[in-house]
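A.B. asks: Whenever a hint applies, use it, and build me the whole structure from the sequences.
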Amino acid sequence: MSDQLKTEKITTDLLRSIRLNKSFLIWMGFLGLAFLICFGAYGLQLKNGMVVTGLGDYVSWGMYISNFVFFVATSLIGMLISAALGLSGQKWAAPLARIAEIIALAFAAVAGLVIVMDMGRPERLLNVIIHGRIQSPIVWDMTVVTVYVLISTLFLYIPLIPDLKICYDRLDKLPPFARNIYKLLSLNWTGSPAQKKLIKQSTRVIAIFIIPVALAIHTVTSWLFANTSRVGWDSTIFGPYFVTGAFVAGSAAVIIAMYFYRKNYGLKDYITDYHFDKMGQLLVLVSLIYLYFTLNEYMVPAYKMKTSEALHLSALFTGIHAGLFWSVQLFGLVLPIILLLFKKMRKPLPMLFIALAVLIGAWFKRYIIVVPTQEHPYLPIQNVPLSFKIYTPTLVETLITIAPFILVLIIITVLSKVIPIISVHETIEQLEENNQKD
Amino acid sequence: MSEKEKKPRKKSRREFLQDLGIVGVGTLIGGSAIFAGINYDKRKKQAERVKVLTAENELLEIEKSDTTKVIKSKLENLTYLQKEGRDGIAGRRFVMVIDLSKCRNARKCMAACNNAHHLRPEQHHINVLKMQESHDTPAYYMPKPCQHCDNPPCVAVCPVDATFKRQDGIVLIDNERCIGCRFCIAACPYSARIFNWAEPIKSVEDEDLTYNVELNVPQRKGTVSKCLFSADRVREGKLPYCVSACPNGVYYFGDENEDTVTNGTTKETVRFKKLLEDNGGYTLMPELGTHPRVYYLPPKGKDYPFQDKDKPEAAEHLGNS
Amino acid sequence: MLKRIIDLRVALTLAVTILYCANDFAANNWNVPVDKKTKNSYIKFDAASASQGEAIYNKNCASCHGNPGKGNSLKSLSPVPPDLSSAKTQELTDGELFYILSTGRMIMPSFKNVLSEDERWRVISFIRSSNKSYVQTLSKFDPNKSKLVKINLNFDPATHNIRILAIANEKSGVVALKDAEVALFAIRYFGRLQIGKSTKTDKDGMANFKFSKDLPGDKAGIVELVAKVNDENYGEIESVTKMKVGIPTDKPALNKDRAIWNVLAKAPIWIIVLYSFGVLVFVLVLLYLLNNLRKLKKTGDN
Numbered sequence: 449m450s451d452q453l454k455t456e457k458i459t460t461d462l463l464r465s466i467r468l469n470k471s472f473l474i475w476m477g478f479l480g481l482a483f484l485i486c487f488g489a490y491g492l493q494l495k496n497g498m499v500v501t502g503l504g505d506y507v508s509w510g511m512y513i514s515n516f517v518f519f520v521a522t523s524l525i526g527m528l529i530s531a532a533l534g535l536s537g538q539k540w541a542a543p544l545a546r547i548a549e550i551i552a553l554a555f556a557a558v559a560g561l562v563i564v565m566d567m568g569r570p571e572r573l574l575n576v577i578i579h580g581r582i583q584s585p586i587v588w589d590m591t592v593v594t595v596y597v598l599i600s601t602l603f604l605y606i607p608l609i610p611d612l613k614i615c616y617d618r619l620d621k622l623p624p625f626a627r628n629i630y631k632l633l634s635l636n637w638t639g640s641p642a643q644k645k646l647i648k649q650s651t652r653v654i655a656i657f658i659i660p661v662a663l664a665i666h667t668v669t670s671w672l673f674a675n676t677s678r679v680g681w682d683s684t685i686f687g688p689y690f691v692t693g694a695f696v697a698g699s700a701a702v703i704i705a706m707y708f709y710r711k712n713y714g715l716k717d718y719i720t721d722y723h724f725d726k727m728g729q730l731l732v733l734v735s736l737i738y739l740y741f742t743l744n745e746y747m748v749p750a751y752k753m754k755t756s757e758a759l760h761l762s763a764l765f766t767g768i769h770a771g772l773f774w775s776v777q778l779f780g781l782v783l784p785i786i787l788l789l790f791k792k793m794r795k796p797l798p799m800l801f802i803a804l805a806v807l808i809g810a811w812f813k814r815y816i817i818v819v820p821t822q823e824h825p826y827l828p829i830q831n832v833p834l835s836f837k838i839y840t841p842t843l844v845e846t847l848i849t850i851a852p853f854i855l856v857l858i859i860i861t862v863l864s865k866v867i868p869i870i871s872v873h874e875t876i877e878q879l880e881e882n883n884q885k886d
Numbered sequence: 155m156s157e158k159e160k161k162p163r164k165k166s167r168r169e170f171l172q173d174l175g176i177v178g179v180g181t182l183i184g185g186s187a188i189f190a191g192i193n194y195d196k197r198k199k200q201a202e203r204v205k206v207l208t209a210e211n212e213l214l215e216i217e218k219s220d221t222t223k224v225i226k227s228k229l230e231n232l233t234y235l236q237k238e239g240r241d242g243i244a245g246r247r248f249v250m251v252i253d254l255s256k257c258r259n260a261r262k263c264m265a266a267c268n269n270a271h272h273l274r275p276e277q278h279h280i281n282v283l284k285m286q287e288s289h290d291t292p293a294y295y296m297p298k299p300c301q302h303c304d305n306p307p308c309v310a311v312c313p314v315d316a317t318f319k320r321q322d323g324i325v326l327i328d329n330e331r332c333i334g335c336r337f338c339i340a341a342c343p344y345s346a347r348i349f350n351w352a353e354p355i356k357s358v359e360d361e362d363l364t365y366n367v368e369l370n371v372p373q374r375k376g377t378v379s380k381c382l383f384s385a386d387r388v389r390e391g392k393l394p395y396c397v398s399a400c401p402n403g404v405y406y407f408g409d410e411n412e413d414t415v416t417n418g419t420t421k422e423t424v425r426f427k428k429l430l431e432d433n434g435g436y437t438l439m440p441e442l443g444t445h446p447r448v449y450y451l452p453p454k455g456k457d458y459p460f461q462d463k464d465k466p467e468a469a470e471h472l473g474n475s
Numbered sequence: 014m015l016k017r018i019i020d021l022r023v024a025l026t027l028a029v030t031i032l033y034c035a036n037d038f039a040a041n042n043w044n045v046p047v048d049k050k051t052k053n054s055y056i057k058f059d060a061a062s063a064s065q066g067e068a069i070y071n072k073n074c075a076s077c078h079g080n081p082g083k084g085n086s087l088k089s090l091s092p093v094p095p096d097l098s099s100a101k102t103q104e105l106t107d108g109e110l111f112y113i114l115s116t117g118r119m120i121m122p123s124f125k126n127v128l129s130e131d132e133r134w135r136v137i138s139f140i141r142s143s144n145k146s147y148v149q150t151l152s153k154f155d156p157n158k159s160k161l162v163k164i165n166l167n168f169d170p171a172t173h174n175i176r177i178l179a180i181a182n183e184k185s186g187v188v189a190l191k192d193a194e195v196a197l198f199a200i201r202y203f204g205r206l207q208i209g210k211s212t213k214t215d216k217d218g219m220a221n222f223k224f225s226k227d228l229p230g231d232k233a234g235i236v237e238l239v240a241k242v243n244d245e246n247y248g249e250i251e252s253v254t255k256m257k258v259g260i261p262t263d264k265p266a267l268n269k270d271r272a273i274w275n276v277l278a279k280a281p282i283w284i285i286v287l288y289s290f291g292v293l294v295f296v297l298v299l300l301y302l303l304n305n306l307r308k309l310k311k312t313g314d315n
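Those protein sequences? They're chains R, F and E, same order as listed. Heads up: the first sequence begins at 449 in the numbering used here, then just goes up one per residue. Heads up: the second sequence begins at 155 in the numbering used here, then just goes up one per residue. Heads up: the third sequence begins at 14 in the numbering used here, then just goes up one per residue.
Quick caveat, the hints were computed from the structure, so don't treat them as lab data. Incorrect hints may appear among the rest.
Said to hold, decoys possible - Under the rule of at most 27 angstroms between Cα atoms (straight-line distance), these lysine-lysine pairs were calculated in the BS3-like manner:
#  : chain 1 : residue 1 : chain 2 : residue 2
1  : E       : 269       : F       : 237
2  : F       : 237       : R       : 837
3  : E       : 269       : F       : 392
4  : E       : 257       : F       : 427
5  : F       : 427       : E       : 232
6  : F       : 428       : E       : 223
7  : R       : 837       : F       : 465
8  : F       : 256       : E       : 257
9  : E       : 269       : F       : 427
10 : F       : 356       : R       : 495
11 : E       : 57        : F       : 427
12 : F       : 237       : R       : 754
13 : E       : 264       : F       : 428
14 : R       : 645       : E       : 308
To be verified - Footprint (simulated), chain E over chain R, 3 or more residues, beta carbon under 8 angstroms:
#  : stretch
15 : 593-603
16 : 631-638
17 : 646-657
Glycine included, C-beta positions come from ideal geometry on N, C-alpha and C.
C.D. replies: Right under this line is the structure:
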């Protein structure tokens, strides 16, 4: 009987968030307005050309491309938490799987848009399909990002099917059209063993398949840089370097999302301190690996100081980028690692701040990878305006850079308003399993 | 002067149209005329005549001013120019030799280039750089066009085949196809490519021009532009704009298959390999494996002093050590 | 003390002036041989020849000398090339101008092998066109005489020599062009490559040129040769001959092979295989998943 009650409580708790309320509307109104402003800035770029940005013939990739790399990076977390941890039997990660998947889907889908924002001729996007050259890393990137978005959608959707049925059954206060959508999407779910088996099989196939796809998406993104002969980009470890960096950014994003879901959706009993503690440990682990790759990436060329590398490295270590470079390493990587080693710091509130620092650091880390290299080409930059030599982003460019973040927030907000962000049926199953053990 | 020129031209156009009426639109020269075009000596006298493709898909040689009348649609002309531009010139392998001992930073090459390709003053297909390798080595001026590499990193990364390498070695950019991703700019180790960040300088005047991929005019906002080895001039057997504009005899241009290059200033034609051999010719950054088609002769025994005012800029990257 | 400085200044100024004048003097002193000074054009300097000359001028001379009368010659050169409408230039005789244009000196290149005699005279016609007080003295030379000249080229594969024979078919009989200047060129895409050095014909009107063994020709090794003969009585005569004297050259197109940078159709096989394989695996997984969803729905129907 108490089991029945518990199940009842779980269902009510996890479905509570699916309703329209005032704070949601205000939040969405704010996001919508902010997005419109940023979209206006993009309109300006379309009209006047990319001259509205601070880019020039030497630094021709700036904040947009940094943004693209950041978005692709953050989206990788879906694979790590849902697939890698899931397959390796880390049960604690199960309630976080859907959060991670929502983040992954939102960031991956928007990453595609970010790269369009960087194009001088966005209306010619179809040329990539009409005249596509499979030798170009951009074509690989567009291919794997598309694949990753599709697979992530299925990865979110397929384990969701039983929950959609529960939504249909339980949310009888919703307007009929909304309930019909739940019914349609739940694909006649009855919970029969045959259906359960199909879901289980499909989820497993995706979980396995998504690992190479996710690795590919960020490795290919790193190849956009590593496949050129440019100082600072011409590196053989860029693939794994980017992938581990992605896990750092993604873990931080998940921790931030966990905090807000727990607080705003009243999920203290489901996203517990234990989960934060575990995520804290995970963040330390991936950060340490990333630190190791970072050391490799900078120490090896700095030891030799080849002519071509010296200018670039001294700009980073002691030159105009030094402040940013050391802040990123210190506040985005070293300090978080040290702090998170203490159990006291692995509590929700401190971790929120640490995760924020890590995420901001992660963004600027991409900037540090993308921009300074281009300020130091092999041949000197001469006979051009000063603005071509040192890249300074403009306000319009900054607004356009913010737009994708707002879009991601909109997608995450909407998704977490229409689906339970912790799997209802899995939580119940877990409960039943635990009972059987007792 | 220009008005003087216009009058007789009108007359000849009428004559031409009469001729056209008599002989009919069938005054056609076969596809072989393309190859005849290479024989520039005969063509010299017909500077005002151009070859166009008619709606019937036949090649026709007409007077330049009549182009618009005969061509049924601009699009067909564009298609013809695109095809011709992508094919390149059979049997040729163009090379450039730049003699650094002759360059005195007159920048006539840059001016001629910007003028021909309708570029802004800060945009450079060719850029004369002030170079110095280390503190004790001499400073020198180095004109730097696109190297037209035989293993071009920029072409490799293009997602849409907008930039391409032709059979004659010239690397071109088709700005009717370019999506403006700027990957080629990022990939080029010679910083040879530029982007049209704003509306090009002559976009209003050029509005009615049919795009010529061998000249990259009209320039288009949001697309990449680059040195073209003056593919349009080269097709007519003429030396590139920069090469013929140089007053100091810096540039040689020619066909590697013929083993000869011609100096743009003195018009002297010499053996290509011997020129390199006698003067210690080299290419830029051979360690990158790009195999440039632009060769340099070292700044040995310069004909001029390196300007004192340019020394700080040349030594900028050397630091204070 | 002050005085000494002033003295020094005077001395310096003097020295600079002398040097400058010397430089100027050197620039003006072309040392044109007397017999060349009096040479006159057989082409009439009129509007037609001037306008043809202008086209040649713009292509070959304008980059340094600028446009006559505009004073826009290239000042950064040393010595500064004169504006050709200036009195200093116009004072020169046609013969002097022709000699300067033909031989060149210091930074002025020689146009002897670049422009034909006809073309050179037309350029001078253009240079004279701005001078209202100039009156031309036409040469009595009859350019039609050059039509009588026949030039024969003969290649000896054993010695790799080319022998040029220049004769004129006068009414009185065949006359060999003695002591005529002969030059041999190979036609290249952008200009003429001179073979050996210019020489003079012997008493039989013959001249020998050593032809290099490594000059590339076309696919069959054929090279288009130009023999240029300049004789006092017959003028300048050119003869174009195609001969199999070069190395057969048939280099493949540079974009023939498969390469990373080539077009899609010429992509390396490994990249095609890898890419197609990746896409194929994805499509299969996708189909499998969609089929599972279809089955799921079907099972629920029952």
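A.B. asks: Run the distance test for residue 257 of chain E versus residue 427 of chain F: straight-line Cα separation, threshold 27 angstroms.
C.D. replies: Holds: residue 257 of chain E and residue 427 of chain F sit about 22 angstroms apart, inside 27 angstroms.
A.B. asks: So is the stretch 646-657 of chain R in contact with chain E by the C-beta rule, three or more residues under 8 angstroms, or is the coverage claim wrong?
C.D. replies: holds (count 7)
A.B. asks: Check the hint pairing residue 269 of chain E with residue 237 of chain F against an upper bound of 27 angstroms on the C-alpha distance.
C.D. replies: Within the cut-off at roughly 17 angstroms; holds.
A.B. asks: Starting from residue 264 of chain E, check that the Cα of residue 428 of chain F is at most 27 angstroms away, please.
C.D. replies: 19 angstroms, holds
A.B. asks: Is the Cα-Cα distance between residue 237 of chain F and residue 754 of chain R 27 angstroms or less?
C.D. replies: Not satisfied, since the Cα-Cα distance of roughly 44 angstroms exceeds 27 angstroms.
A.B. asks: Sort out whether residue 427 of chain F lies within 27 angstroms of residue 57 of chain E, counting only the CA atoms.
C.D. replies: Judged against 27 angstroms, a Cα distance of about 43 angstroms means the pair is violated.
A.B. asks: Does the structure keep residue 837 of chain R and residue 465 of chain F at a Cα separation of 27 angstroms or less?
C.D. replies: The hint holds at about 19 angstroms.
A.B. asks: Is residue 256 of chain F close enough to residue 257 of chain E, meaning Cα to Cα at most 27 angstroms?
C.D. replies: Given that 27 angstroms is the threshold and the Cα spacing comes to 37 angstroms, the pair is violated.
A.B. asks: Quick one, are residue 237 of chain F and residue 837 of chain R close enough, alpha carbons at most 27 angstroms?
C.D. replies: 37 angstroms, violated
A.B. asks: Checking one constraint from the list: CA of residue 269 of chain E to CA of residue 392 of chain F, max 27 angstroms. Satisfied?
C.D. replies: This hinted pair holds, its Cα atoms lying about 26 angstroms apart.
A.B. asks: Given the proposed pairing of residue 428 of chain F with residue 223 of chain E, does the C-alpha separation stay at or below 27 angstroms?
C.D. replies: 17 angstroms, holds
A.B. asks: Test coverage of the stretch 593-603 of chain R by chain E using CB-CB distances below 8 angstroms; three residues minimum.
C.D. replies: holds (count 4)
Hints 2, 8, 11, 12, counting from the list given before, are not met by this structure.
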